[in-house]
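Peer 1: Kindly produce the complete structure, drawing on both the sequences and the hints.
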Amino acid sequence: MANITIDEVAKVGVLANLPLSEDEKKLFADQFSTTIDVINQLNEIDTKGIALTSQVNHLENVTRPDVIDKDRILSQEQALSGAKNVHHGFFVVKQILEKDSE
Amino acid sequence: MNKQIHELSVVELIRGLEDRHFSSVEIVKHYLDRINRYNSELNAFLYVNEDAIKQAEKIDKEIANGNKKPLLGIPLAVKDNFLTVGLPTTASSLVLKGYYPQFESTVTKRLLSAGAIILGKTNMDAWAHGSSTETSQYGPTLNPWNLGHLPGGSSGGSAAAVAAQLVPVAIGSETAGSVRQPAAWCGVTGFKPTYGRVSRYGVIAMASSTDSPGPIARNVEDAALVISAIAGADPYDATSSSKEVEKYHQLLKRKNLKGIKIALVKEYLLPTMRTEVKTLIHNAVKHLESLGAKVEEISLLDPKYAIGVYTVVMRSEVSSNLARFDGIRYGNGREMFGDEAKRRIMLGTYTLSAGYYEAYYKKAVAVRTKIVSEFENTFKEYDAYIGAVSPGPALKLGATKNEPMFGEMQDILVEPSSLAGLTGAGVPCGFVDGLPIGLQITGNQFEETKILDIAHLYQQTTEFNKFPEKYQK
Amino acid sequence: MSHISPIIGIEVHVELTTKSKMFCGCPADHFGKSPNTQTCPVCLGLPGTLPVPNQQAIEDTIKIGLALNCEVNENTHFDRKQYFYPDLPKGYQISQYDQPLCKDGFLTLDSGKKIRLLRVHLEEDTGKLTHRVIPSAVEGSLSGKVSLIDFNRSGVPLVEIVSQPDLASTAEAKEYLKKIHAIVRELGVTSADMEKGQMRLEPTVNLDINGHFTPLVELKNINSFNFATQAIDYEIERQLAEFEKTGLEKQGSNKSTRGYDSVKKTTFPQRQKEEAKDYRYFPEPDIPPLVISPTVVEEIRKNLPQLPQAIIGELIALGVKPADAQIVSGDQQAVKVIKTHRDLDQAKLASLIVNKKIDLSADIKPQFARLTQIGETDTAKLAPVIDRVLTENPKIVADYKKGKLTVLGFLIGQVRRTAKDADAKTVSALLVEKLK
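Residue numbers (the working numbering), protein chains in the order written: chain A, 1 to 102; chain B, 1 to 473; chain C, 1 to 436.
Heads up, some of the hints might be wrong.
Pulled from the structure, derived: some chain C residues nowhere near chain A, Cβ distances all over 12 angstroms [stated by the list, open to error]:
1. D104
2. K250
3. S253
4. I316
5. F410
6. A422
Derived DSS-like pairs: lysine-lysine, alpha-carbon spacing no greater than 30 angstroms straight-line [unchecked claim]:
7. A:K26 to C:K277
8. B:K253 to B:K450
9. A:K94 to C:K434
10. A:K94 to C:K264
11. A:K84 to B:K109
12. C:K420 to C:K434
13. A:K70 to B:K69
14. A:K25 to B:K97
15. A:K94 to C:K81
16. B:K253 to B:K69
17. B:K370 to C:K81
Cβ-Cβ distance ranges computed for the label pairs, FRET-style [what the hints assert, rightly or not]:
18. B:K294 to A:K70: 48 to 58 angstroms
19. A:A2 to B:K466: 38 to 48 angstroms
20. B:K61 to C:G144: 49 to 59 angstroms
21. B:E41 to C:G144: 43 to 53 angstroms
22. C:G188 to B:S113: 33 to 43 angstroms
23. A:P19 to B:N36: 38 to 48 angstroms
Just so you know, the hints here were simulated from the structure itself, not pulled from any lab data. Backbone N, C-alpha and C define an ideal beta-carbon position, used for all residues, glycine too.
Peer 2: Printed below as a string of C-alpha cells:
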C-alpha cells in the first residue's frame, strides 16, 4: 500500500502552481495512495530492454518551411482580448522578482 | 415524409434538403425549439448559437443556388473543448468562464466549410476529465434514458443531445473512451478515428498522445459522413496523418461478413462484469457469425495494466497541458480548477517529478510498447476485435463521489485501444435494466473503412438502435 | 602561496535569425516592435494550439554543431521543460533534454587548448518582462509594482551551446566567447547582435583552492563580453574571500544564481523560489521525433562556409604570420586578396593589409610593388657598400670588364652579406650601373 504524505502533496502543489487548502491536501494524500497502488501493478510486468513509446503515430521529421504565416498573426487587440490586466499593449502581472540588473 | 425532422438521420436530412421537403431554417428552428424545451432538464448544452437561424438563412440561399457541400444546411453540436470563434469555449471549466477564442479549431473550421451550422456547445467533464460529465463545473448532464443516471463522459453533453434528439449529430473527443463510452451509455453510435486521423488543432488538449476528435451520431452512416468531412492532414498539427482520406460513408457496402475474422478478447469479459452484459456480447458474437464472420476467442494483456499505463501517461500530459492556464493572457486563475482537474494535475506532476519519473512515467511508457505490439500481432491475424464498450450500463448520479479512478474503471475496456491509437466504433447491442449497452468493434490504425463497414452492417441487421420514448415527440 | 584556479563553463544562448519563429509562422525579428503585435495563438500559448518545428532552425543548429566539431544525434526529439513564469506562456518551454541535436564537440583556443562542448540544442525563447511601477490611477489594470509582458519574442528559435567547465581563466573565457561569436556569425545563422540580446551568456564559475571546490555560481543576464569578464573576475575574488571566511564547499551539482550589476561592477544574489528546481522534462508528445540521417549531415557539412579557425590555418600554411592570420581572418575580402595573389609574397602582403597600407578596393599589384620597392634612401644606403665591395675586389671587377659577366652574382652576394635586406634585383641594377 503506497503511503503519500501531506508534505509530499504540499510540495507537488507548489511545483504544479496550485493553491491547495489543508483539507484538499489531506484528501489528495489519501486518494494518491489509492491511485499509486493501481499504477504499481505495472511492476508485475517485465519491461527490461523494452523501448519506450511516447507517440503511436509512426511519424518522424514533421517540420514546416521557414515562411511567415500571416493568416494566424493576431492584432495587438486580439492578442490582449482575453486578458484581465493590460497596460499600453502589454499583459500585466504583479511584479514577481526584484528588478534584475539590466 | 411522415417522420418528424428530429427522427431523421443526417443522410436523410441532406436528401430532404435537396428535395426541398424542408429548408435549413426549418431544421434549425425545429431543433432550437427542442433544445428550448428539453435542455433545462438535461443540461446537455452549455451555449446555444444565437446566430444559427441567420446562418441557416444564408445556407438556404446557397442551396437554392445549387451549391453542393457534404453537410450543407445540417445543424450539429460541438463539445465545449473545441475552440469556436463567436461562441464561448470553456471546456466546462470555471477557469475559462467567459472565454471567447481568437481562432477556430480545425475540426469546426472544416465542418463550417462543409456547410454545417453549429447549434451550440455541449457540456462535458471539465477539461474532459472523467466518464460521467459530473465533473463539469456547470452541473452534470443527465441521461435521457433515465434522468437519475449519468450520461457517461467526457462527451456526455454531445451523447445526451443526440440521444434526446436535440441535434442530429454531435462532435466529441476521445482521450480514452470519451466518445464511445457516453455514446454507449446513451444508446447512440460513437466513433473514434485513428490517432492523427483528425486534427487536434484548436481542441483544448487533455492527453496529447491519445486525443482524437470523433462524432457521436444516430447511426454509423452519419458518423462516417462526418469523419469524411473532418479527417485529414493539417499543417497546424504535426501529429496529423497525411494518409489519404476516403469517402467513408460511400464505402459502406458489405452485405455479409464472409472472409472477416474477428477476435473476442477473453480478458475483456471481466470477472466483475454483470452476466447480462456478457450475454449481450455473446449474442453479438452469434450475430456476427450469422453474417458470415469467423469469431475466435483470443487472450490479451489484462486491461488492468492499461489502466496503470493510461493513468500515468494521461495525468502526466494533463499536468503539462493545463500549465498554460495561469489567468494572465486569458481566463481565470488556477484556483478555479475543480477537484478532478486538481487531482489529475497533482498526480501527473508527481509522476514526472525528480525521483519518480523512472519508476512511474518510464515504466508506463515501456508497458505501453507492450500493448502496442500485442495489437500489432493481433491485427496480423484478425480484422477487428470486439467486446463491451463499458463494463455495465449508465451508473446513477453521484457515482463518481470519492472514486478518484472512476473514469479509468468505466473506460477500462477501451483504454488499451486508445493507448495504441487504434480506430473503433461503439454501437448499441442491447439493454440492461432499461439502459443501453454498447458493443465496441475495434480495428488497426487507419482501418476506418473496414470498421465502419462492419459496424454499419451489424447496425443495419440488429434492432438496438433506438431512442428514448420520452423525447420522441 | 596557495594554488587557486578558476573553473569556468559557459552556456551561450544564440537567437537564430530565421524568418519565422520556431514553432509557428510569426516573424522571428522581434526587436523594437510594438508589444504583442507579432504573436499568434501558438506563441501566445492559447488553448488547443500545437507546435510545428521550423526546418531551417533545425538545419542551422546542425550547422553550429558541425562548426563546433560536434556529433549530430541521428535520433533526437523535443522535450518539455516545465516551470511557471509569466513570460513562459505554455507553462513549459519546448527544448531538448536527453537527445540534443548535437553533442560532444570542442573548440580550440589559440594556445591549442581544446575546450570541450557538452551539447548544442534547439529550444524556443520566452517573452520579455519589463518591470515598472504603474500609478494607482490607471483603470482596468493592476497598479503599483508590476511586470509588463510582451510575447513578440516568445517562440523565437534559440540555440544553446553548453561548454564543459574547461575554461581556466577570464582570458580563456573571453577568447572562447569571441570565437563562438565569430563562428555563429560566419555561419550566417544569426547576427548575434549582443545589443539586441541575440547572444546571451551564462558563465558558471567556481574555484579550485588547493583541492577544495567553492560552491557553483551561475551568472545570469549577461549581454556583453566585457560584462562577462568583469563578472567572472568579480566572482573569482568574491568566492575566494567567501571561502576564506566560511570554508563552504560545493555540494553536488547545486548551483546558486547571481546577476551582474554593470554599474557597480559586482554580482548579486538573485532571489530564488524556495523549492529546488524540478523541470519535469518529458518527451514533447505534439512533435514526432526527428531522425537526422548521416547523408543529411554530410550535405549540411559540405555547404558550410569556411570558418575562422580553418581560414587561419590556411593562411599560416601560405606563410602568413599567425598573428596577422588571426587579424585578417574575420575580413572576407582581405582573405580573398591574400589567397588569390599567389605570385606575390603572401606573408608580406598580409602584413601590409594588417597595417592598413593596402587599399583592398584598388588594384593590389601596383600597390604591393610600390610598397616593397627599395626607395631613394635605400639606394643611398647601398652606395657606400657597393663602393667598398668594388674596391676590395679589383680582380673580379677587371674580369667583369673583360666581359665575364657571370662574376656579377659573386659581387651581389658580397653586397648582400652586409646589406642583408637588400633586394637582389636592386643591388644588381646598382652594380651594373657602377661598372659601366
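Peer 1: Would the pair K94 (chain A) and K81 (chain C) pass a check requiring their Cα atoms to be no farther apart than 30 angstroms?
Peer 2: At roughly 24 angstroms apart (the allowed maximum being 30 angstroms), K81 (chain C) and K94 (chain A) satisfy the hint.
Peer 1: Against the 30 angstroms threshold, does the CA-CA distance of K253 (chain B) and K450 (chain B) hold or violate the hint?
Peer 2: Answer holds: K253 (chain B) to K450 (chain B) is near 10 angstroms, not above 30 angstroms.
Peer 1: Below or equal to 30 angstroms on CA atoms is what counts here, so check K84 (chain A) against K109 (chain B).
Peer 2: 28 angstroms, holds
Peer 1: Determine whether the non-interface label on D104 (chain C) survives the test: each CB of chain A must be over 12 angstroms from its CB.
Peer 2: The assertion about D104 (chain C) holds, with a minimum of 23 angstroms to chain A.
Peer 1: Take a quick look at whether K26 (chain A) and K277 (chain C) sit within 30 angstroms of each other, Cα to Cα.
Peer 2: Holds, at about 24 angstroms.
Peer 1: Run the C-beta distances from S253 (chain C) to all of chain A and say if the shortest one exceeds 12 angstroms.
Peer 2: Holds: least Cβ distance 19 angstroms, greater than 12 angstroms.
Peer 1: Minimum C-beta separation from K250 (chain C) to chain A exceeding 12 angstroms: can you confirm that?
Peer 2: Given that every Cβ of chain A is farther than 12 angstroms from that of K250 (chain C), nearest at about 24 angstroms, it holds.
Peer 1: Are the Cα atoms of K94 (chain A) and K434 (chain C) separated by 30 angstroms or less?
Peer 2: Measuring from Cα to Cα gives roughly 93 angstroms; hence the hint is violated.
Peer 1: Are A2 (chain A) and K466 (chain B) spaced within 38 to 48 angstroms by their CB atoms?
Peer 2: 45 angstroms, holds
Peer 1: Quick check for students: does the CB of F410 (chain C) sit more than 12 angstroms from each CB in chain A?
Peer 2: At roughly 71 angstroms from the nearest Cβ of chain A, F410 (chain C) sits farther out than 12 angstroms, so the non-interface label holds.
Peer 1: Given the proposed pairing of K253 (chain B) with K69 (chain B), does the C-alpha separation stay at or below 30 angstroms?
Peer 2: 22 angstroms, holds
Peer 1: Mind verifying the non-interface call on I316 (chain C)? Its CB should be farther than 12 angstroms from each CB in chain A.
Peer 2: About 37 angstroms separates I316 (chain C) from the closest Cβ of chain A, which puts it past 12 angstroms; holds.
Hint 9 from the list above is the single one not met by this structure.
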